[in-house]
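Fit chain B to the supplied structure of chain A, relying on the hints for placement.
If you read the sequences in order, they're chains A and B. Just so we're aligned, residue 1 is where the first sequence starts under the numbering used here, counting upward by one. Just so we're aligned, residue 1001 is where the second sequence starts under the numbering used here, counting upward by one.
The hints are simulated quantities; they were obtained by calculation from the structure and are not laboratory data. There may be inaccurate statements among the hints.
To be verified - Listed next, the stretches of chain B that the computed footprint assigns to chain A, with coverage defined by at least 3 CB atoms under 8 Å from CB atoms of chain A: (1) 1003-1011; (2) 1077-1085.
To be verified - When the alpha-carbon atoms are kept at most 30 Å apart in a straight line, the in silico BS3-like pairs for lysine-lysine are as follows: (3) B/1082 - A/147; (4) A/174 - A/224; (5) A/83 - B/1003; (6) B/1016 - A/83; (7) A/63 - B/1249; (8) A/211 - A/178; (9) B/1249 - B/1085; (10) B/1006 - A/103; (11) A/211 - A/15; (12) A/174 - A/98.
By construction, the Cβ of each residue, glycine as well, lies at the ideal position given by its N, Cα and C atoms.
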Amino acid sequence: MIIASNVSKQFGKIKALDNVSATCVRGECVALIGPNGSGKTTLIKSILGMVVPNSGFITFNGKNILHDWLYREHIGYMPQTGKYPENMTIRQVISMMKDIRQKTGPENLDEELLESFGLNKLLDKRMRTLSGGTRQKVSATLAFLFKPDVLILDEPTAGLDPVASEILKGKIIKEKQKGKLILITSHILSDLDDLITQVIYMQDAQLIFHKSLSDLRADTGEEKLSKAIASVMSKSCYNE
Amino acid sequence: MNKVIKYVMTDILRNKIVIGYTFFLLLISLSVFNLDDNSTKGLLSLLNLVLIIVPLVSIIFSTIYIYNSAEFIELLVSQPLKRNKIWISLFAGLAGSLSMSIIAGIGIPILIYSPTITGMVMVVMAVLLTIIFVSIAMLAAVLTRDKAKGIGVSILLWLYFSLLFDGLALFILFQFQDYPMEKAMVVMSGLNPIDLGRILILLKMDISALMGYSGAIFRDSFGSNTGFIIALLIMISWVLVPTWLSLRKFNRKDL
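Isolated chain B (complex conformation):
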């Protein structure tokens, strides 16, 4: 398996986009921390970057990469290699190299300016979100044969997770405002990895008081260590389920 990962990794690292992405993240993190003496404020600004740009870049880059390596995949499939192995290697190569950019671009500045638990949680969330969106991208790419359509589906998925889902949640909240919706909101937040990431980071920032009553509910549900671990497990299942689905599909795909 390592061999295919090796070729995927070298191919991605030779691709200047990932290096550019790393420097972009590094530049933004450094400037955000240098704007203000208060590193918590810096972290808060970084939060939006992590929640918007990281999923976007991960999903778009991975989708395009999968389509562009169609030839590579075709070549490998005719070789004595298990299809599972090829697909997992592609996933590991993509997730690995993009996570490395996150660690270099966000992890290092956080380690320098704000080496707190909150900072660490943010790096972990950024890496998890990267991996989640790589696996969603691979599912989108394996389901649609057409490249333009696949990239469109990816952009729509990103839009859904980062904007539309929140709108939908608010809509439901307003429609059912006469009912106790707190428990339902906690469950709903598990349906969106970006929301889950945001809640987990905000809770560590001790500004959940600003979120009012629902903040208290989230604090109750995710604030404890067990809650945190359950949330992490949900995030991990967000990696595993799309990967498993795409793997099933890829195993039966005609090339």
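Isolated chain A (complex conformation):
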């Protein structure tokens, strides 16, 4: 569904992505894991067309995304730090997004998170008055709102309280069962254990491996994802 081929991106002298190739198929739940600054967010932003790669290309459903924009209709994106127009209320932001996506009516919209996060009572609050966690809730709600085929979640549970985090995880599992492609980055590996099927590990702008979770478990002999990744990370450090 999403194919990245030899994508490279440089910010000034810093390499953010170095010849990254990956293939993600419908029904998978892929975890993007790697140390800070390893290029995870840049890869995600490249997929969304927010960052234009220096070389290589990305296709979505077989079409190059470079001059396309309609493919984003099929993506729900939850950014790492949700940035919204400061003097709009939550209600205005949501209705603006509905307006832009031209989707209305309950059959096209999924407002489940709006209720379960309790955002209903906060609809008239301005974005600038919201706490970081509440912003994350708004971001999550917007990502799921339009029933997209692909969900891209950049550190979804960072900043959320345990209750909200569980609600979100439940929602992700539910959507996964509907056969959607889900891409998650997170540093809280224990959150990912029961969500993901595939692991992409990145380090120093390079994609180190792309394996299914069961393969990774078999290779490292660890049951828990956090332990498995830790053993990979220490091995690579040891090699250096």
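Just chain B now, kept in the frame of chain A:
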């Protein structure tokens, strides 16, 4: 496209600065016309307002607005919208709302006190200058990532167009005073939209005789209808070229 323009427009109109700007223009125009019975004198005083304050407010407000809507732009870019569309909508929203202030703040008093061709030319020039400086501001904002730097560049650009350029033109004129510089001056005036606007308005005011020999040259070049239309086309290219450049840059920008 209309949707994004709608949100930009409502956001700007909710911003009290544009409303304040409209009232400020209205207040000045009304007081200028009421100071003297002769409406031509009023127009002349208004000319300086149009040539100094309108570009300044347009360029500074637009630059700050673009930087402040960085979040809004980032949000829109991740949505199924063409980048061209987002940028053009921002431009149209800014240019549209600032032009509306001009029409309300300068256009209405001129219509009441001096509904002449000169007055109309002045309103058209004020609107054109607004649009030109919005597009220059957007170019400055897309080229520099840092907000303070971007605003500084905008102020410098305004300073260049409204003061430094004239100094430069005079300097060149004095250096080459032994040569016939009239044609060159006409071409040079096309390099500065503010100068072009000033010349076009002054020519309509029939006081170009006061400008001496170069006034006669300008009269020859821009006084005719074709000259006027060519000058207008130059002004329009002052809108299109910066917009096109900023659009190209924005399409490749990483957010």
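Here's how the hints hold up against the structure:
no.: 1; hint: 1003-1011; verdict: holds (count 4)
no.: 2; hint: 1077-1085; verdict: holds (count 7)
no.: 3; hint: B/1082 - A/147; verdict: 21 Å, holds
no.: 4; hint: A/174 - A/224; verdict: 22 Å, holds
no.: 5; hint: A/83 - B/1003; verdict: 20 Å, holds
no.: 6; hint: B/1016 - A/83; verdict: 23 Å, holds
no.: 7; hint: A/63 - B/1249; verdict: 24 Å, holds
no.: 8; hint: A/211 - A/178; verdict: 22 Å, holds
no.: 9; hint: B/1249 - B/1085; verdict: 14 Å, holds
no.: 10; hint: B/1006 - A/103; verdict: 17 Å, holds
no.: 11; hint: A/211 - A/15; verdict: 24 Å, holds
no.: 12; hint: A/174 - A/98; verdict: 23 Å, holds
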